[in-house]
Every structure is written in structure tokens, then in C-alpha cells.
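> Protein chains in written order, with the numbering used here: chain A, 83 to 335; chain B, 17 to 510; chain C, 7 to 222.
Among these hints, one or two may not hold up.
Calculated lysine-lysine pairs in the DSBU-like style (CA-CA distance at most 30 Å, straight line) [claimed, not checked]:
#1 A:Lys153 x B:Lys499
#2 B:Lys451 x B:Lys44
#3 B:Lys44 x B:Lys499
#4 B:Lys429 x A:Lys272
#5 A:Lys272 x B:Lys112
#6 B:Lys54 x A:Lys272
#7 A:Lys236 x B:Lys66
#8 A:Lys88 x B:Lys499
#9 B:Lys133 x A:Lys272
#10 A:Lys272 x B:Lys451
#11 B:Lys44 x B:Lys429
Computed footprint of chain A on chain B, listed as stretches where at least three residues anywhere in the stretch have a Cβ under 8 Å from a Cβ of chain A [to be verified]:
#12 399-408
#13 422-429
No lab work stands behind these hints, which were simulated from the structure alone. Where a beta carbon is used, it is the ideal one built from N, C-alpha and C, also for glycine.
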Amino acid sequence: MTIHAKGITVALFATCINDVMFPGTPKAVVQVLERLGCRVEFPLDQTCCGQMFTNTGYFDAAVPNVRNYVKAFTGYDYVVGPSGSCVGAVRHQHPMLAEHARDAGLGRAVDEVVARTYDLSEFLVDVLGVTDVGAYFPHRVTYHPTCHSVRVAKVGDRPYRLLQAVKGIDLVDLPAADQCCGFGGTFSVKNPDVSVAMASDKARHVMETGAEYLVTGDNACLMNIGGILHRENSGVKTIHLAEILAHTEGGDR
Amino acid sequence: MTAQAQRRTPAPPPGTYLGMPKFQKNAKEQLANEQLRKNLRHATGTIRAKRAARVEEVPEWEELRLAGEAIKNRTLRHLDTYLVQLEDSLQKAGAKVHWARDAAEANRIVVGLVQAKGVDEVVKVKSMATQEIELNEALEEAGIAAWETDLAELIVQLGHDRPSHILVPAIHRNRSEVREIFLREMKQYGTPAPEDITDDPAELAGAARRHLREKFLRAKVAISGANFAIAETGTLVVVESEGNGRMCLTLPDTLISVVGIEKVLPTFADLEVFMRLLPRSSTGERMNPYTSMWTGVTPGDGPQDVHVVLVDNGRTNALADPQGRPALRCIRCSACLNICPVYERVGGHAYGSVYPGPIGAVLNPQLRGIGHEIDQSLPYASSLCGACFEVCPVRIPIPDILVHLRKEVADHKRGKPKLEPTAMAAAGWVLADHKHFELAERVAGLAARALPNTTFLGPLPWPASAWTRARDLPMPPPESFRKWWRTNRGEEQQ
Amino acid sequence: MSAREEILGRVRSALVDVSVSDPVADVPIDWEYGRPTAMPEVLARFVEMCEDYKATVARCDEGSLASRVAELLGSAGVRSVVLPSGVEQPWRQAIESAGITVHGDEPPLSRAELDAIDGVVTAAAVGIAETGTIVLDHAPDQGRRALTLVPDTHLVVVRSDQVVSDVPEAVARLAGAVTDGAPLTWISGPSATSDIELSRVEGVHGPRNLLVVLVG
Numbered sequence: 083m084t085i086h087a088k089g090i091t092v093a094l095f096a097t098c099i100n101d102v103m104f105p106g107t108p109k110a111v112v113q114v115l116e117r118l119g120c121r122v123e124f125p126l127d128q129t130c131c132g133q134m135f136t137n138t139g140y141f142d143a144a145v146p147n148v149r150n151y152v153k154a155f156t157g158y159d160y161v162v163g164p165s166g167s168c169v170g171a172v173r174h175q176h177p178m179l180a181e182h183a184r185d186a187g188l189g190r191a192v193d194e195v196v197a198r199t200y201d202l203s204e205f206l207v208d209v210l211g212v213t214d215v216g217a218y219f220p221h222r223v224t225y226h227p228t229c230h231s232v233r234v235a236k237v238g239d240r241p242y243r244l245l246q247a248v249k250g251i252d253l254v255d256l257p258a259a260d261q262c263c264g265f266g267g268t269f270s271v272k273n274p275d276v277s278v279a280m281a282s283d284k285a286r287h288v289m290e291t292g293a294e295y296l297v298t299g300d301n302a303c304l305m306n307i308g309g310i311l312h313r314e315n316s317g318v319k320t321i322h323l324a325e326i327l328a329h330t331e332g333g334d335r
Numbered sequence: 017m018t019a020q021a022q023r024r025t026p027a028p029p030p031g032t033y034l035g036m037p038k039f040q041k042n043a044k045e046q047l048a049n050e051q052l053r054k055n056l057r058h059a060t061g062t063i064r065a066k067r068a069a070r071v072e073e074v075p076e077w078e079e080l081r082l083a084g085e086a087i088k089n090r091t092l093r094h095l096d097t098y099l100v101q102l103e104d105s106l107q108k109a110g111a112k113v114h115w116a117r118d119a120a121e122a123n124r125i126v127v128g129l130v131q132a133k134g135v136d137e138v139v140k141v142k143s144m145a146t147q148e149i150e151l152n153e154a155l156e157e158a159g160i161a162a163w164e165t166d167l168a169e170l171i172v173q174l175g176h177d178r179p180s181h182i183l184v185p186a187i188h189r190n191r192s193e194v195r196e197i198f199l200r201e202m203k204q205y206g207t208p209a210p211e212d213i214t215d216d217p218a219e220l221a222g223a224a225r226r227h228l229r230e231k232f233l234r235a236k237v238a239i240s241g242a243n244f245a246i247a248e249t250g251t252l253v254v255v256e257s258e259g260n261g262r263m264c265l266t267l268p269d270t271l272i273s274v275v276g277i278e279k280v281l282p283t284f285a286d287l288e289v290f291m292r293l294l295p296r297s298s299t300g301e302r303m304n305p306y307t308s309m310w311t312g313v314t315p316g317d318g319p320q321d322v323h324v325v326l327v328d329n330g331r332t333n334a335l336a337d338p339q340g341r342p343a344l345r346c347i348r349c350s351a352c353l354n355i356c357p358v359y360e361r362v363g364g365h366a367y368g369s370v371y372p373g374p375i376g377a378v379l380n381p382q383l384r385g386i387g388h389e390i391d392q393s394l395p396y397a398s399s400l401c402g403a404c405f406e407v408c409p410v411r412i413p414i415p416d417i418l419v420h421l422r423k424e425v426a427d428h429k430r431g432k433p434k435l436e437p438t439a440m441a442a443a444g445w446v447l448a449d450h451k452h453f454e455l456a457e458r459v460a461g462l463a464a465r466a467l468p469n470t471t472f473l474g475p476l477p478w479p480a481s482a483w484t485r486a487r488d489l490p491m492p493p494p495e496s497f498r499k500w501w502r503t504n505r506g507e508e509q510q
Numbered sequence: 007m008s009a010r011e012e013i014l015g016r017v018r019s020a021l022v023d024v025s026v027s028d029p030v031a032d033v034p035i036d037w038e039y040g041r042p043t044a045m046p047e048v049l050a051r052f053v054e055m056c057e058d059y060k061a062t063v064a065r066c067d068e069g070s071l072a073s074r075v076a077e078l079l080g081s082a083g084v085r086s087v088v089l090p091s092g093v094e095q096p097w098r099q100a101i102e103s104a105g106i107t108v109h110g111d112e113p114p115l116s117r118a119e120l121d122a123i124d125g126v127v128t129a130a131a132v133g134i135a136e137t138g139t140i141v142l143d144h145a146p147d148q149g150r151r152a153l154t155l156v157p158d159t160h161l162v163v164v165r166s167d168q169v170v171s172d173v174p175e176a177v178a179r180l181a182g183a184v185t186d187g188a189p190l191t192w193i194s195g196p197s198a199t200s201d202i203e204l205s206r207v208e209g210v211h212g213p214r215n216l217l218v219v220l221v222g
């Protein structure tokens, strides 16, 4: 394994949902980045991108999250998060929220830190210039490109290219991959019937592929689709992109 | 004789749009209709594929979208200038221009014009503006029969139904339902459908042709909308497929066009952009079969008595909000409906308006305000997946406007004793500061340790039932990432 | 206050954030109008696209035009046609000598009379290759709009120099007619609908047969 990134310091933006519910994902990010030669720090001031508040209409409740994000991550050259959705919210909503708060100083600080915030797949492919991160994952896997990763963070096919380079992987196409899984943050509980109808269709498509694992770059979407897959005893497991990339031949990870 | 029997045209379903319950409730009902979901899945899937293929053919598609956006922005930001210019051009071309502040005024104007002609029926070109102001019912109340002539509108009208889609108002009906409606209803209002008609769409279209031909041939007054109104020349444009539009715009002596004030375009040349954007975005065709353009009165050709009713009906509300204003760029193509995963599953009736889908979710609360339950719920009728923006030919940032309107709704509800603002305030406190957050993390960890062998939670009582009725919920692990980091890596980092 | 004054007043107060009074200076439009669309062969594309929209297309030279028109009408089963006043005399003669009844429109035919006639033959103003569209500006060789609407067969003669690559060139060519107040009818194939299950069916209210003759 070549060391690609000796000396690069990365601030890990774990995201609140990963921190509490899916700690395996940020741990996997640490592993992958360190394997590639980065130094990883976890600024303890961080909490949440505030997206849940913004997208439910509670802008005032989201502003402290913006201030917090700026406080936690200002000064780092690279802020990396394993979530297209949270990174997308930072990029797309934090400037708008700073404007909402009528705080020009915050706006400038936001612009600074937003420009240095990356989704994991963007950081690996664009900054480190790698698609083969030395991972090994001998399983049948299908990939769902989550809406916010593609349409807000605009990660493009980077996650797919990273997966393609994984040794031993059997990557199968997901039918109707570009359709939303129905998570949508509070949409999932404000419109539970529509959300479940969408998630059920997504889960059905996943099962049709015969994959052992469903992978995405966003654990919230995985939690939604996985909720159906688990309820229906489908046997399909859900896994975050970072955790596949962390797997290596010989080691358990 | 009952009131029902005195009607000239088929009665629409009882109730009003604004009286409809909130989206969530409507959606739940619609979701239970298996046939509807099947019809919608088939129809939206078909049209999505067609659109994608036709857009793919145009290498400068993004440039076209940007041009469409810019032309509409220029128009909207100087709407007063262009409206005055349009009025002047129309008058010079021999058309009479009327202005209507709201639906009631527009209906009064149209009813008055029809009555002045001494007729008791009109033929109609499919028009969203007239659906929006519920003109047909206003005419019916005045004893005037308004015959819808677009095939889908005819299906809706004869089916005692409401439109469920902007482009294809009967998208929720399949061929066998259409056959039943035609067999049952056509004979009550004119030329019947043949008794042996099958559900072949070509035969059904043939029945509509025969049923409507006598109405076209005798009509004295027609009512239309317009897709575009050109300020520079006073030209109105109707984009259609079947020729019913041409019939209405050409054969009667009097033509009344009801046009929303946002339909104006500065110049005739601007049509080169919109005549490429609209057909490919809406029906997924390189060009729709027929487009009619007329400039006031043409001596010896077509209607000699031409009226244009310019309607506000809430549009200036949307115009006054710079963040909501882009919604007025809409050219009613319906690409956002066809791509929307929510629309695909619930259909148009759940949205409580003639404007369903993502564009309806941003337009209705702006046109009608957020005083009603249905309009308060519409901004939330989206997972914010963003597919609508990608296909919008005039680049309306629908997800951003939805979020903006959610804020308006949340502000409107502030201070009222509701669960949501309270929950948001509590969560806001937790997430505003890492110390609060860590406290919450410890609670989550304790819960996990209390149920050591549980990795997933099944059905839970309200409010968690919203999630867990059909979906399991993973248990948080006993150790958060933060805790793991502090234990294992904390010292390395200072 | 009149509705007009009130609406314009609402518009003006809605736009208080707009400080630049000149629309053109306020919102630049980065678009070059009237550009042709690049394609290898404009006429071939026109034929291909007309056919793709289920129009019948024939190509001929000037010399054989009149006989070709008569022949196409015959094979479409048309036994009577209406001809606008400006249609060229040789077409009329060829059609008549093929045994097809020719009606004029002076004085104007009633709707019922038109409905009883099988077909109409006209010239055109512009053909658009990329979309298979024919535009009528209803000059005397095309007649008033009802003529090309009520009869079930429309035979339209398009000259090769009338065919442009795409919509922008067409709009530029048509601007003069519109300024003069002429109505335009854009026709792309026979009338059609996709209103039932979004499956396309040709033939609703407008002419169900569209015959295109491309000359030169």
C-alpha cells in the first residue's frame, strides 16, 4: 500500500447520527484515512449540521449548529464527513442560514470552512487522487446513490469508482437507483405512509439484485431502507461506503 | 326536478380544494388505491423515459435552461413594464384586454362576456388558469355549459372527477376506466360512444372526436388559456396535441383567453427558447403536434371578437417574495410531477389543487397563502430529493423554495401548543452545544445497555410508530464514536 | 381603483427589491438568438423527422410537383379538396384532371361545408428539420386557419429553401409575419394524443393524415 497523503491533517466531521447510532462508520473513516497516510483529528466541539431543523422550517434552531460547525472546523485545511447529505447541508444551507441570522461575520467564516469541507468520496478521489484504497470485500454488493450526495453535495460517480476498485467485490446495478428511498429527514415521520411506500419499493429493488449488502454514503438512508429490509427478514445487510473501504485482505478490517 | 338534473354539464365531486384535509391524510387514502398506484407507476415511468431520451438529443440543454431561467427572471423582475406593453400590443391588434384581481373577478368578466353573446354553451381548450379559478362551475351557475375538449379534460369532466396532473389530467385513469366513463356519460351530453367500443386508446380517441365534433361545429364562443403571451407583438401561444385547441381558437366567432399575468414573455424571439424547452420537458416530444399563435384579430380568419383576461389571483403574493418568486417561472410542463417519487405514489388529488406535485407544493401556498391546513402541509409533501430541480426547464429551485415555505409555516405555527415546535426546541438545545449533545449520547448509551441483546427495535407506540409501523429501528450501540475516540485516541490529539 | 391599476400597483410594490429600471441591464441573457443547429443534411433530417411523427413524406422536383400532388391525394382516397385562393394554378389543374372535386373558399365555406370535404392542399411558410415541423403563416397560398383544420387530410407542399435546421432559425424567419399580425400554425405530424396511459395515438380532432411534399 503506497502512502499517498503523508502529512495531510484531516478534521473528521463524524455527523451526529453517525456519532450516536453508527460509530462504526467514522471509525472506518479514521482507518481508511490513516491507512492512506493522513493524520486524523476529531474536533470535540462538533455536533450536527442542523439540517433537521432547517428542513423542517426551524431556521433559528439551526443557526447555533452553523456557529458550532464554524467553531469546530475553522483552521483545518480539510474537513471530511462520511455523509453526502450532511456535507451537502453544510455547503448549501449554512451560507443561507448565516444570511438568515443577518450575521455577515458568520457568513464569511462559513464561506471559508465550507470551501474546505468534503464528502469522504470527494476527498479520496479529488484531494488524495486515489480510487483504489487497498480495500478487499469479497461480497455481492449493490450501491444506492443517495439523493443529497448526488444532487446537493454533487459527488457524482466517485463512490461508485471507489467501489469498483475494491478487490473481490461483486458490484451489481440497483434498478431505479436514482429514485429517492423516502427518508427525507423529518419527511420519514411527517409523511410516514409515503415514506414507507418509497422505502418499500427501494427495498424490493435491492432484494431483486440478490446482493448480500446494500451500500450508500449516507447512514440515514441506510437506516430507512435497512428498516424495511430487517422487518421483512430479507437477509440483506446494510453497510456504509467507508466500512467497505476499510476492509482489507487478511485483516478483519 | 332535482338540482342535479338541472345541470348542463357533469357535476364535479362535492367539496372544495381548500376544504381538503392536509396532504398526509389525503396521501394515505390515495396510497391505499392499488389501481391508482399501478396507473401512475406506468404513466410516469413512460413519460420519464421519453423526456430523458428527448433531452439527451440536445447538447446545449443546460444553456437552454439557463436562457429560459434568465428570460423569465427578466420578465418577472419588470412585470409591470411587460404587462403594460402586452396590453398595448393586444389592443393595437384588435383584442380587448380585461384585468382580474382574483378568481371571482375573472369569472365575472368571462360570464359577462359569454352572456353578452347570448349563448348558453362554450367550448374550452385545456387551460390551467381556468381550472385554477374554477371557471366551469361559475359558468354552470350562470346556466352556461362549458365543454372541455382536451381528451384528458373530457375524461375528467365526464367522470365527475378532478384533474390530477397538469399535462395529463386523467393520468390516474386507465383505458378500461376511460371506456366505462365514455359509455356511461357521453350519451347524456351529446354523441354517444359506440356500444361495442373496446378499451383501445385509438378507439377511445375516435369516440372523443365524434362526440366533440358537433360541439366544435356549432360553437359560437371558445375559452382558452395561453402558454405564452408576447409583450412585443401581443401574440398569444397555445401548445397542444389533439387539434381541439385549433378548433376552439379558429372556428368560433368569439375567443376569450384567460391568462395568468406571469405568462408574458418580452419578445417573439424568446419563443425559440421556450418552444424547445416545453415540448421536450412535457410530453417528451421534439415538438408537440400543434401550436397556435395568434395576434389579436385577423380579418377574415378565425374569431373576430377577441378578449384577453389578465389574472392575478395571488401571483403578486408570490412575486413579492424574492425567495418564492422563481416559482412564477413555471411553464406548466409537469416534468417535476413525472419525476417526483412522492407524486408517483400518491397522485395529484392528494395535493388539494389543480397544481399538484412539487410545483404545486410551492405554488399553492404562495398563491393561496398558508391559512388553510392543506397549504400548511404542502411544503412538507416532499423528501427534498431534488429530482424536480434537475428536470425543471426553467431551473426553479423547488427544494429550496419548499424549505423556505416550511420556515414560513413553522413561523406561522410558532407559539401554538404543538408537539413539533416543542420537540424542535428540545432537539435544538441538545444539538446546539457538544456538552448537551454528550449528555444525550450518554442517555442513548444507557438505553442500549438496558437492552443488551437488542440490535433492532420493532413496532413502537406513538410517536415512534410513525417510523416503526413498517420499519425496524436500529438500537444505538452502547459506545458512541465520541466516547470511543476519547478512550482510544483522545491523548494523541493534544 | 380599477383592477388594472390595482394589479399594476401590486406588481410594483412586489418588486421594490428591483433597483435597476432597464430590464435588459438588470438581467442579462446569455443566449445567442437565431443560431442554426449543426446537422449533416438538413433536408434529409426534415424528411426523417416528419416520418418519425407519422407524416407521409414525398420528395419531387418542380416539374413533377403538380402530378405528384394529385397522385398522393388519390392514393390517400381523397375525393374532394378545398384549395386556398393563392394556390398555384397548375396544382389545381392536375388535381381536377385526377378526378378530384376542387372547392374554393371564396366566399368562405361554412364549417359544415368544410367538414364534408375530404382534404386540403396548401403551401407552407417554414419547415423545421430537427423537429419535423411545418409552420403555416396563413398567407393566401395556405388560406385561413379553418381550411387546414377541419378536412381530414392535409397535403402540404414545402420548398427546400423553406426548410431550416431548428426552431431558432424558424422563429427568426417567422418574425416578420407575426409583426404583420399573421396567425401561425405549427404542425408536427398528424393530430395525436397521449392522454390515455400516455400511449401515443395518432388522429384526434385535427387532420388524421398529413402528407408532406418536399420540392427541390
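> Please go over all the hints and tell whether each is borne out by the structure.
Here's how the hints hold up against the structure:
1. Under the criterion of a C-alpha separation no larger than 30 Å, the hint pairing Lys153 of chain A with Lys499 of chain B is consistent with the structure, at around 20 Å.
2. Note on Lys451 of chain B and Lys44 of chain B: the hinted pairing is violated, with a Cα-Cα distance of about 40 Å set against a maximum of 30 Å.
3. A distance of roughly 42 Å separates the Cα atoms of Lys44 of chain B and Lys499 of chain B; the hinted pair therefore is violated under the 30 Å criterion.
4. Taken as a hint, the Lys429 of chain B and Lys272 of chain A pair is honoured in the structure, with Cα atoms around 16 Å apart against an allowance of 30 Å.
5. For the proposed pair Lys272 of chain A and Lys112 of chain B, the alpha carbon gap of about 49 Å is over 30 Å, so the pair is violated.
6. At most 30 Å may separate the alpha-carbon atoms for a hinted pair to count; Lys54 of chain B and Lys272 of chain A meet this at roughly 24 Å.
7. Distance check on the hinted pair: Lys236 of chain A and Lys66 of chain B sit about 25 Å apart at the alpha-carbon level, within 30 Å; holds.
8. For the suggested pair Lys88 of chain A and Lys499 of chain B, the alpha carbons sit about 27 Å apart, so the restraint of at most 30 Å is met.
9. The suggested pairing of Lys133 of chain B with Lys272 of chain A is violated, with an alpha-carbon distance near 52 Å, which exceeds 30 Å.
10. Taking the CA atoms of Lys272 of chain A and Lys451 of chain B, the gap is near 29 Å; set against the 30 Å cutoff, the hint holds.
11. Taking the CA atoms of Lys44 of chain B and Lys429 of chain B, the gap is near 24 Å; set against the 30 Å cutoff, the hint holds.
12. Proximity of the stretch 399-408 of chain B to chain A, defined as three or more residues with a beta carbon under 8 Å from a beta carbon of that chain, is established by the 7 residues found.
13. Counting residues of the stretch 422-429 of chain B whose beta carbon lies closer than 8 Å to any beta carbon of chain A gives 6, which meets the minimum of three for the stated coverage.
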